[in-house]
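With chain S's structure known, arrange chains A and W on it following the hints.
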Amino acid sequence: MLSLQAATVRFGERAALDAVDLEVADHRIVCVLGPSGSGKSTLLRAVAGLQPMDAGRVLLAGQDQAGVPVHRRGLGLMFQDHQLFPHRDVGSNVAFGLRMHGTGRAETNARVRELLELVGLPGAERRAVAALSGGEQQRVALARALAPRPKLLMLDEPLGQLDRSLRERLVVELRTLFQELGTTVLAVTHDQGEAFALADRVVVMRDGRIAQEGTPLDVWQRPASAFVARFLGFDNVTAATVTGRAAATAWGKVPVPEGSPQGEVDLLVRPAGVRIGAPEDGLRCTVGVRTFRGNHVTVRLLPENAPVLEAECALRDTPDEGAVVGVRFDAAETVVLAGAATPSGA
Amino acid sequence: MNTTTKYAATALAAALGVTVLAGCGSDDGSAGSGASKGSGSKTVTLVSHDSFNVSKEVLEEFTKETGYTVKTLKSGDAGAALNQEILTKGSPRGDVFFGVDNTLLSRALDNGLFTAYEAKGLERLAPDTQTDEKHRVTPVDTGDICVNYDKKYFADKKLAPPQTFADLLKPAYKNLLVTENAAGSSPGLGFLLGTIAAEGEDGYEAYWKKLKANGVKVVDGWEQAYNEEFSGSAGGKKAKADRPLVVSYASSPPVEVLYADPQPKEAPTGVATGTCFRQTEYAGLLTGAKNEAGGKALLDFMISKTFQEDMPLNMFVNPVVKDAELPELFTKHGEKVDTPPTVTPEKIAANREQWIQSWQSLVLK
Amino acid sequence: MRLGLMAVPVAFFALFFAYPVTAIVGRGLKAEGDWQFGRIGEVLSRPDILDVLWFTTWQALASTALTLLIALPGAYVFARFDFPGKQVLRAVVTVPFVLPTVVVGTAFLALLGRGGLLDELWGVRLDTTVWAILLAHVFFNYAVVVRTVGGLWSQLDPRQEEAARVLGAGRFAAFRRVTLPALAPAVAAAALMVFLFTFTSFGVVQILGGPAYSTLEVEIYRQTAQLLDLPTAAVLTLVQFAAVGGILAVHAATVRRRERALKLVDPAQTSRRPRGVGQWALLGGVLLTALLLILLPLGVLVERSLDGGDGPGGYGFGYYEALQSVGAGGSSTFLVPPLEAVGNSLRYALVATLIALVVGGLAAAALTRRAGRLVRGFDALLMLPLGVSAVTVGFGFLITLDKPPLDLRTSWILVPLAQALVGVPFVVRTMLPVLRAVDDRLREAAAVLGASPLRAWREVDLPLVRRAVLVAAGFAFAVSLGEFGATVFIARPDNPTLPVAVARLLGRSGELNYGQAMALSTILMLVCAVSLLLLERIRTDRSGEF
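Protein chains in written order, with our numbering: chain S, 675 to 1020; chain A, 342 to 706; chain W, -15 to 530.
Any given hint could turn out to be false.
[Unchecked claim] List time: in silico DSS-like cross-link candidates among lysine-lysine, alpha-carbon distance up to 30 Å: (1) A:492 x A:550; (2) W:14 x A:430; (3) A:706 x A:558; (4) W:387 x A:383; (5) A:515 x A:550; (6) A:578 x A:498; (7) A:492 x A:511; (8) A:550 x A:493; (9) W:387 x A:430; (10) W:14 x A:688; (11) A:553 x A:492.
Hint data in this document are derived by calculation from the structure and do not stem from the laboratory.
Bound-form chain S, shown alone:
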């Protein structure tokens, strides 16, 4: 459906998009993930035609979009903060795109009703936009974007401003909905939980370039770089020298899986791979802050002359704060990160 070829956008010296290639297949949900300033919003704007490109091409269903103005691209875009028209009611917001496409009144009304039902707001046509809660606004924005049956639906931080529980519920709803409708979706977000829950494919961006692309599982299991690992929320990343199946790190020797790249690399140890034992057993650490996460506990461990470590342990095995423990590492939960090594602690 969508194909980006060497898409480049520069703001002065800085490239917000630096020769990005991206494909979104029909009926797939692709999520672009990245910190703010990574160029993910610019990507959406370039596809929509709101942001002129300095180089590269955007193809929609095989058609080059150069010279096609925004309003003729037939896309849907849900803005970060919805951007509902404040002077129109819910029904009129949803009907907007249909009116722009010259849809007849009866058909428009039927479609608006259908969509409001679909997003769970049946009969809300006459309600004022200002009177809606954040979640309801979200749904109206979605209905508005879907109403004209866009070739490609783009979502900019779709759930950004909602509270956590609502977000978790909506993300599931959205995925189900898109799958039912067979919508092709390109979403951008900075929230990895959202991206992984929603997407068929995840694209991680950094400084206008794609840092990694793959299925959520791929990316989660094998982050391509220290940057991706840290962005996914892993803090146990350190410089290491791999020799055979062992890596020399600030935490001492850490076992790595068979076939790992050799030499100067970055090494990720997932918290689940940090095993806590008796103080004399392995790396000596003092137990710091403990955070309860429902079915497990995250523990900060402070080694004597090394960076902080994060460990995940079962509730009953959690050591007390201030206790001195020993730490060992599990090779199955360590990943040698491809790409150039970064200085530890970066």
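Chains A and W alone, transformed into the frame defined by chain S:
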């Protein structure tokens, strides 16, 4: 948006809408058919100052007689209207200009504003009318600028009102006179010229020094002098004005009678007939006029008996032809001013600026 | 697209402002085709001209200071207190701003002149002193400060000041450190507007100052209309241009600073009934000032329009009835029935408003997305007509619009065109802040949903600025309604507007003429006040300075 707001908005919109429609209607009738279409047309365009005024019946009679319709354009006071003509010389907005007086005549003539035309009926002019030998302009009316006095004030004080320029210097009339800025006001300038005519070019400065010592007050324009400072006028009474002498027109007393309700038997104000300066207003055929024939016909008409007799009650000026009769209002309440001493237009043109400047430094500073 | 929007306002200003004004200045400064810039030095070394410059400047400074001193408490009271009749009062204090000076002079003399209030109470007479000019300037510009500063003040969250108080700041310290900095740009903008209006003051100085005082504007009028000394007038016009340009540059800078300021709140939430002796005293003081300074002079006009109408000593509607009879009895071209004058005024004002809305609206739309220095320069340029004498523009029209297809000199359209020149800055100033507040992404949302740029403007911008447009329209309307300078200069077939009719009546002796002038002035005031009251009802929260 609440209901009130909506209502207000609708009302405003409706009001605007209605006036658009109203506007269009009345516009097509009057304004639209301009002189721009005028070459060889039946419209003759008269350009004048804001005080120009004539009865509609009289204009209709002109149309009946000649077939021409008069379109009038007014643009500011006499000075501004004339200066606009000078700026547009050669490509005038109209055919005839009316309203240049003897204090500004030379400026118009030096600029070659007018094409000579000897109007029909000039032989009927009153003998003392100032004319132009080359007939570049035709005299249309005269008016006298004179000191007016508040009759009640002088009756109450049992004081005789002043009659001459010399009287105004008397201690009895100290702090009683208000006049206008000669640099901007037509009666103000007229009064200054009157003193020059009476006291001579050498004597007027001394006269004004004494007049200033006797407490003359100078305000910017006639409206303030007459309506705010002069105790004899309706406005002055309301404003509790305290100056019973004002520089105004010889025709002001009849006007006070005409525009009072009910009309008094006697005018509340009088004229000091020895303090007058005569203004003559002229009309001329503009050089480059699109409708010369119509312009000439209009000039003829302006010294006709019909037009001349219509003027007094519309512009409060005197006719220039012998056979025009003054309305009863003027003969009853106006005072006859004998031809006052005057200054020739050439002399005025040569000295106007210098006189005004020395007057300003004498009186205002 | 942007350039397209700019085309109409740029063409309008080039044709009806820049070209005529340049031409008339050129006529004065050119001799045999060469510019004679030496004349500038000659004129500027004349002592009388230097006097005029000095007086113009210092009276403008003094008027501005005095206006701020008197009107700032008013701005506070209007912003923070609720009291009965507040809306009506706010409309009434704006009436002087749109009244013709001829009428104002008369009204004001009743306050300061002989037999006026000050005279009755203390035997003080201020007419023909500079105090009369200064106070009249306060009278005229009170509303500018109250609306500009008060408008912002009412939207400042009082909780910010409360937060400072909680943090240990005293009442005054809290005001000085929190409110004042937030307010400063608005105060500066108001001050500069007042300075601009008083620097170019014409009628007030002429009527109240007497012949001894003269501003640049008065001198330009005198040199152009009366003496036809175009070289001197041209030099003075340039001087005024330079001064006004400077003022506008400073003004534009402060307005910009203000636009990107502050999170504002709904004004309805910030005002409440006054509490305690101090606040009641402040409210009382402000109301008393407004009463004395504004209502009293206006009241005098009304009183005089009723006084003596039914015979001596009595009050009645005699003068109004006399106005009615004009059409029937008198068949001259001098006067028209008052309804017709009202009609003429409304018609001119309406056409002027439409022109101002189209030109100003397009300019505001083009300026919405703030870009480049060029655009900002244009922003300031739009304000220039406020600082150029009507006589300069009027005489400029005469010598430029004289060839087909633009031979407009005798066309009635010239009057609304000239009035629109003054209306456009008001429209732009009112609409721009609102348009700039519209989130650009709303327009993008519309575009993505299939709306072309024009359609997006119609569907998104227009509904959002509709109220601002109405406010702008109302101001342009009221300003043209009271406009006198251009209306009287520009030759027009005889259909006088209200101010022109008033001036004509005042130019004649006779009780009925005077009374009718007062009656017509009262009608003009009413028409102004009603339009302003309607505006009050639909005042937008974000509307700019007026």
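**Asked** Can you list which hints this structure breaks, lowest number first?
**Response** Of the numbered hints, all hold.
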